[in-house]
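Protein chains: 2
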Amino acid sequence: MDRRPCRSRLWRRAVRERLIRTSSTPRDSSAPAIAVLISGRGSNLKALIDAESAGSLAARIRVVISNRADAPGLAYAREYGIESLVLPHASAPSREAYDRALVDAFQTRGIALICLAGFMRVVTPVLCDAYPWRILNIHPSLLPAFPGAAAQRQALEHGVKITGATVHFVTPELDVGPIVRQVAVPVNERDTVESLSARILAAEHQLYPDAAQLVLHSPWRIEGRTVVF
Amino acid sequence: MDRRPCRSRLWRRAVRERLIRTSSTPRDSSAPAIAVLISGRGSNLKALIDAESAGSLAARIRVVISNRADAPGLAYAREYGIESLVLPHASAPSREAYDRALVDAFQTRGIALICLAGFMRVVTPVLCDAYPWRILNIHPSLLPAFPGAAAQRQALEHGVKITGATVHFVTPELDVGPIVRQVAVPVNERDTVESLSARILAAEHQLYPDAAQLVLHSPWRIEGRTVVF
Numbered sequence: 001m002d003r004r005p006c007r008s009r010l011w012r013r014a015v016r017e018r019l020i021r022t023s024s025t026p027r028d029s030s031a032p033a034i035a036v037l038i039s040g041r042g043s044n045l046k047a048l049i050d051a052e053s054a055g056s057l058a059a060r061i062r063v064v065i066s067n068r069a070d071a072p073g074l075a076y077a078r079e080y081g082i083e084s085l086v087l088p089h090a091s092a093p094s095r096e097a098y099d100r101a102l103v104d105a106f107q108t109r110g111i112a113l114i115c116l117a118g119f120m121r122v123v124t125p126v127l128c129d130a131y132p133w134r135i136l137n138i139h140p141s142l143l144p145a146f147p148g149a150a151a152q153r154q155a156l157e158h159g160v161k162i163t164g165a166t167v168h169f170v171t172p173e174l175d176v177g178p179i180v181r182q183v184a185v186p187v188n189e190r191d192t193v194e195s196l197s198a199r200i201l202a203a204e205h206q207l208y209p210d211a212a213q214l215v216l217h218s219p220w221r222i223e224g225r226t227v228v229f
Numbered sequence: 230m231d232r233r234p235c236r237s238r239l240w241r242r243a244v245r246e247r248l249i250r251t252s253s254t255p256r257d258s259s260a261p262a263i264a265v266l267i268s269g270r271g272s273n274l275k276a277l278i279d280a281e282s283a284g285s286l287a288a289r290i291r292v293v294i295s296n297r298a299d300a301p302g303l304a305y306a307r308e309y310g311i312e313s314l315v316l317p318h319a320s321a322p323s324r325e326a327y328d329r330a331l332v333d334a335f336q337t338r339g340i341a342l343i344c345l346a347g348f349m350r351v352v353t354p355v356l357c358d359a360y361p362w363r364i365l366n367i368h369p370s371l372l373p374a375f376p377g378a379a380a381q382r383q384a385l386e387h388g389v390k391i392t393g394a395t396v397h398f399v400t401p402e403l404d405v406g407p408i409v410r411q412v413a414v415p416v417n418e419r420d421t422v423e424s425l426s427a428r429i430l431a432a433e434h435q436l437y438p439d440a441a442q443l444v445l446h447s448p449w450r451i452e453g454r455t456v457v458f
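Chains A and B supply the protein sequences, listed in that same order. Everything in the first sequence is counted per the numbering used here, starting at 1 for the first residue and increasing by one. Everything in the second sequence is counted per the numbering used here, starting at 230 for the first residue and increasing by one.
The set of hints was computed from the structure by calculation and includes no laboratory data. One should not assume that every hint holds.
Not close to chain B: a few residues of chain A, all C-beta gaps over 12 Å, as computed [what the hints assert, rightly or not]:
| no. | residue |
| --- | --- |
| 1 | G81 |
| 2 | Q154 |
| 3 | G164 |
| 4 | Q206 |
With the C-beta cut set under 8 Å, the calculated list includes, among others, these residues of chain B facing chain A [stated by the list, open to error]:
| no. | residue |
| --- | --- |
| 5 | A319 |
| 6 | P322 |
| 7 | G393 |
| 8 | V422 |
| 9 | G453 |
Ideal placement from N, C-alpha and C gives every residue a C-beta, glycine not left out.
Same shape as in the complex, but just chain A (with noise of 0.2 Å):
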């Protein structure tokens, strides 16, 4: 126990060292920068640079970061110009210390808001409480139906007609979080998960970069758990 906090601050160090030499200029500074947070493919953060590109989402991308080094969404950071960080969890002390790295990159950035965008991590309080109301993730079906993995095969084998995407404000509970924009897609008849979550993908992508317009654009409030704009 008594090591762990000092493994900790050390990793922290050193990943903070590396943020610091790999920061960019950002390319418009009057716009509120956002972090895109892949695992995977990260076609939603092609979605919001493709948004930002075509002026209908007014911030700038200002750093994608990955917790895998294969993660293919990686090269669209490339394509487009934008910082990319690799923060491999497995390096990581915990969960705890791997949310603070990402505090610290976000701080070192003057991050406003934060997407997660196929992101396969659960976040923990030390990241939502630095960022509360802050950070917004994506999930493949309409809140509070079909929470956790695999929305889209729990959506098919309990034989809806209507599923969905939700964007959502992330807490530390998975998948419960106050709901920004719901978007409802239909379930054909022959649909396999394949085809349903393709469908559902192409939704998002409209719906991704809309509801983070709103949340930094939009006058809203919580009213219990419901986001009023």
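Based on the hints, put chain B in the right spot on chain A.
Relative to chain A, chain B alone:
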């Protein structure tokens, strides 16, 4: 305990005699016969009547049964010349006895499909086993979200941005039978329980006749718990 079956039999016989006495000639004997069960205003009953009149529901509503003598929806039955029957649940010795009386009423009238429309009774296996895959219910949410009572209030309190309505097959377990059809309904910023309920109800009035028409006239099968048309 030993008096109960006897009382149940007597009650059942009395009801059966009343059912036979009050049954009337069907309007169109070639179309499948529907029984609609109500407890209240019967607005979905009205939607089914309208769909039958318009020809979009190829069926005849053969009987309207209410468990409450003061259900306002009974007026629709009178207005459109449909047989109505009040079967007060308070008079039934048990839930099972009540459901046996319903089965008697359906069998006497050659009912092909039973539509629960705001019928505030949980049905027993007595009814479900007598009419397997022949009983529909409509619920004011996108099941499996918000089952049970006050689904609209549950949706508002959860802060969802999309809810809806579900037509599903009835099983003895509440609100979990295989789903026939669903419709999505947006939740608006300033919705009250009343305004949201009204919007969902309007969607139900399209959904329920469509679902009844599908079940009666499209080939379908159950795969797992999915209704495949």
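Against the structure, the hints:
1. G81: Holds, because the least Cβ-Cβ distance between G81 of chain A and chain B comes to about 34 Å, which exceeds 12 Å.
2. Q154: Contrary to the label, Q154 of chain A does not stay out of reach of chain B, its closest Cβ about 9 Å off (not over 12 Å).
3. G164: Violated, because the least Cβ-Cβ distance between G164 of chain A and chain B comes to about 7 Å, which does not exceed 12 Å.
4. Q206: Given that every Cβ of chain B is farther than 12 Å from that of Q206 of chain A, nearest at about 14 Å, it holds.
5. A319: violated, 36 Å
6. P322: violated, 36 Å
7. G393: With Cβ-Cβ at 6 Å, under 8 Å, it holds.
8. V422: This hint is violated: V422 of chain B lies away from chain A, its Cβ roughly 13 Å from the closest one there, beyond 8 Å.
9. G453: holds, 6 Å
Checked against the numbered hints listed earlier, the structure breaks hints 2, 3, 5, 6 and 8; every other hint is satisfied.
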